[in-house]
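Visitor: Just so you know, the protein sequences line up as chains Z and A, in that order.
Per our numbering, residue 1 is the first one in the first sequence, and the count goes up by one each step.
Per our numbering, residue 232 is the first one in the second sequence, and the count goes up by one each step.
FYI, nobody ran anything at the bench for these hints, they're computed from the structure.
From the three backbone atoms N, C-alpha and C, an ideal C-beta is built for every residue, glycine too.
Mixed in with the good hints there might be a few duds.
[Stated by the list, open to error] Mimicking EDC-like on lysine to aspartate or glutamate, the simulated pairs with C-alpha atoms at most 16 angstroms apart in a straight line are:
hint	chain 1	residue 1	chain 2	residue 2
1	Z	207	Z	134
2	Z	8	Z	72
3	Z	217	A	413
4	A	302	A	372
5	A	234	A	264
6	Z	27	Z	10
7	Z	158	Z	186
8	Z	222	A	388
9	Z	213	A	413
10	Z	217	A	408
11	Z	222	A	386
12	Z	222	A	408
13	Z	222	A	413
[Unchecked claim] Residues from chain A that keep clear of chain Z, each with C-beta distances beyond 10 angstroms, as calculated:
hint	residue
14	272
15	274
16	347
17	349
18	371
19	375
20	381
21	413
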Amino acid sequence: MSETIEFKIDGRKIVAEEGKTIVEAAKINGVYIPTLCNFEGAKPKGCCRMCTIKVNNRFMTACTIPGAAGMEVESNSEELNDIRKGIVELLFVTGNHFCPSCEKSGNCELQALAYRYQMMVPRFPYVFPQKGIDASSPKIIKDQNRCILCQRCMKTIKDEKGRNYFAYQNRGSKLAVVLDEKMGKEMSDELAALAMENCPVGSIIYKENGFKKPIGKRKYDKRPIGNEIEA
Amino acid sequence: MSKKIIATTSLAGCFGCHMSFLDIDERILKLVELVEFDKSPINDIKVFTRPVDIGIIEGGCCNSENIEVLKSFRENCKVLVSLGECAIMGGLPALRNGIPIEECLREAYLDGPTVSENKEQVLPNDPELPMLLDKVFPCHEIVKVDYFLPGCAPDADLIWNALVALVTGNEMELPYEVVKFD
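So that you can see chain A by itself, here it is in the shape it has in the complex (with noise of 0.2 angstroms):
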């Protein structure tokens, strides 16, 4: 059997489901049999390189470079996968979901009490910079998801089970510890 390639991304959240993958310790050895890795932070392979099977996102969309990453992985991948709350729901960063978004810029750069060197009272402005969306999406808000594992960060067992039952195409072991939404 050819390994599957899998591909990754981190978009608004805060790696923690990242770190929850490497939780499966020394399955990390098998997993390794099983699939190839492609664009990931965890080889650090910025573009796809090739067509992926499994693209696991972690995180929201809170801007437009999440949304132009969410779609390229859904052009590249077969599958995509919402890893973790923030993923499904927005999670954390959608706590700012209606607040004005001028307001949580005003918050953060101006007014807040953590301020302290923003002298010229300048909002972050650099063209390089992606846009802030007015509310945070779940990711199949924006493109179709096809499976969701839910959990802040998502148990490792979860991951495990999940990735092993999508690589040889048997049904998943979902255990009632290993869903858990926090």
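This is chain Z alone, in the form it adopts within the complex (with noise of 0.2 angstroms):
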């Protein structure tokens, strides 16, 4: 059995198993580090920098370090969630995030992260990308403008063989997560739901089912995105 280490984050005592990611451990011991890469049960990256947190005055991403006794974690701070807003700005501007005519709008990720941190306006001019949309499939969409690379559908949609559905494609500024066209003929509704729900942003749509829940039962609608941790 692991042994338990307890660590502080924002001076608050952080009980968790040894080797637990700090975000991990602030999850349970009910302190919200915001992710959007990151997904429970796969294995971290720590490519968005969203849980940029602060240790011994370093900047480190909470979903990738682990936990360790003694550390002093910063992490609610003015400088980190401004941070974070940047990245959340950068993001709704070298994307189209047309929230009012995504589907997935009320249940996005990024979306609610932009609520948590108010974001008006974001400070960086819009790029308006053209890159391409792959409606091929029968079951779903995948909005290449939307894409923020978060590897999430490459990681957990997969058949029952381990394929993945989804892929890397190119590199540099041309990197973009393609779905595989012969797969993606034969993708059952379960899977391209599922592929819709763990896309943080409206990258991936499930055909045919948009706005099935109206304004206000929506995900992040009336709660903030991290209440449910922070109870």
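Please assemble the complex out of the two chains, which come individually in their own frames, going by the hints.
Guide: Spelled out as structure tokens, the structure:
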């Protein structure tokens, strides 16, 4: 059995099993550290930087670093929250996030984080990219203009043989998460719905199922993201 | 306290934000105690008649007339507020950004499935018509905008709280439910 360790986040005592990441340990102790690319059960990657924290005055990603005994973590500070808000703003301007016409609106984690950090307007100029939309699958639409390259679909959407439906294509600024053409054509409804749910933005849309929940009953209409952890 | 002067306009918008403004319901009676309207579609005053304290802009900029009106608002208003997603980020009209303007016009007036009565194949070219811009621009990318109220349309409470805060000089109430992008 692994040992229990103690450390602090913003002065608050955190008790967790050794080896747990700071995000996991915080969650168990009722402290919310915002995440976007991180997905429970999948290997963390630390690429979105939403979970940026400070330990010993150094920036780290809380989803990849395990908690250590005696550690003093800074998370909910003005500086870090402004960095997080900046990340959200950058994601908004570099993609085409037209919330009013997006089927994911209300259930979207990126939007929910913008609400949490009260983003009224991004500080950066809009890019309006034209990366194309793949609607060839009968079950889903993959909108590349909304994709934040978090890999959550790549890590969690697999067939019974463990093959991935989604994969990276190209490199650098042309990097894209694409749906396998053949597998996309044979995708089940359950998997299509799961793919949409696991996508933190509106890049994967389960066809013919949009706007099922009315405004007011969606995930983040009444309560901010992270609220369920903070209790 | 003398009343603050307000002006409003709808640029490349759908008037939904103005409709949401009217959703303040009976508080409109309180509003007339606090403010007076100058140029606005609500009272149909077409030109600025005096210096304005608060200018409220709905919609982004999709043509030359939008730019002209927006600039005149900046010149005549002490404080400018972008109201709604279109003013803040271009909104739905900005879905055309990235599609060449010629392609947009062809689809709308020549080749689109709903085009039936354009036998001469004419694109709108009357000099009276404002020129379309190549892209739809958020207002703050054209002039300096002081405050932003998101939403499509913004919640009436958000508009009310912002107006009261601006008029009274107090800090704005911003409960979670009122800041929404849809």
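Visitor: Is the straight-line distance between the alpha-carbon of residue 222(Z) and that of residue 408(A) 16 angstroms or less?
Guide: holds, 6 angstroms
Visitor: Hey, residue 222(Z) versus residue 413(A), does the alpha-carbon distance stay inside 16 angstroms?
Guide: Between residue 222(Z) and residue 413(A) the Cα gap is close to 14 angstroms, so the pair holds against 16 angstroms.
Visitor: Hint check: residue 27(Z) vs residue 10(Z), CA-CA at most 16 angstroms. Holds or violated?
Guide: Holds, at roughly 14 angstroms.
Visitor: Measuring Cβ to Cβ, find out whether residue 375(A) lies farther than 10 angstroms from everything in chain Z.
Guide: Label holds. Min Cβ-Cβ 12 angstroms, cutoff 10 angstroms.
Visitor: Verify the proposed pairing of residue 222(Z) with residue 388(A), using a straight-line Cα cut of 16 angstroms.
Guide: holds, 15 angstroms
Visitor: Within a Cα-Cα threshold of 16 angstroms, do residue 302(A) and residue 372(A) meet the stated pairing?
Guide: holds, 12 angstroms
Visitor: Could you check that no beta carbon of chain Z comes within 10 angstroms of the beta carbon of residue 349(A)?
Guide: holds, 28 angstroms
Visitor: Over 10 angstroms from every CB of chain Z: does residue 272(A) meet that, or does the non-interface label fail?
Guide: holds, 21 angstroms
Visitor: Take a quick look at whether residue 158(Z) and residue 186(Z) sit within 16 angstroms of each other, Cα to Cα.
Guide: holds, 12 angstroms
Visitor: Next pair to validate is residue 213(Z) with residue 413(A); report whether the Cα-Cα distance is within 16 angstroms.
Guide: Distance of about 14 angstroms is within 16 angstroms: holds.
Visitor: Does residue 386(A) sit within 16 angstroms of residue 222(Z), going by the straight-line distance between their CA atoms?
Guide: holds, 14 angstroms
Visitor: Would residue 371(A) pass as off the interface with chain Z, using Cβ distances and a cut of 10 angstroms?
Guide: Not fine: 7 angstroms to the nearest Cβ puts residue 371(A) too close to chain Z.
Checked against the numbered hints given earlier, the structure breaks hints 18, 20, 21 and satisfies all the rest.
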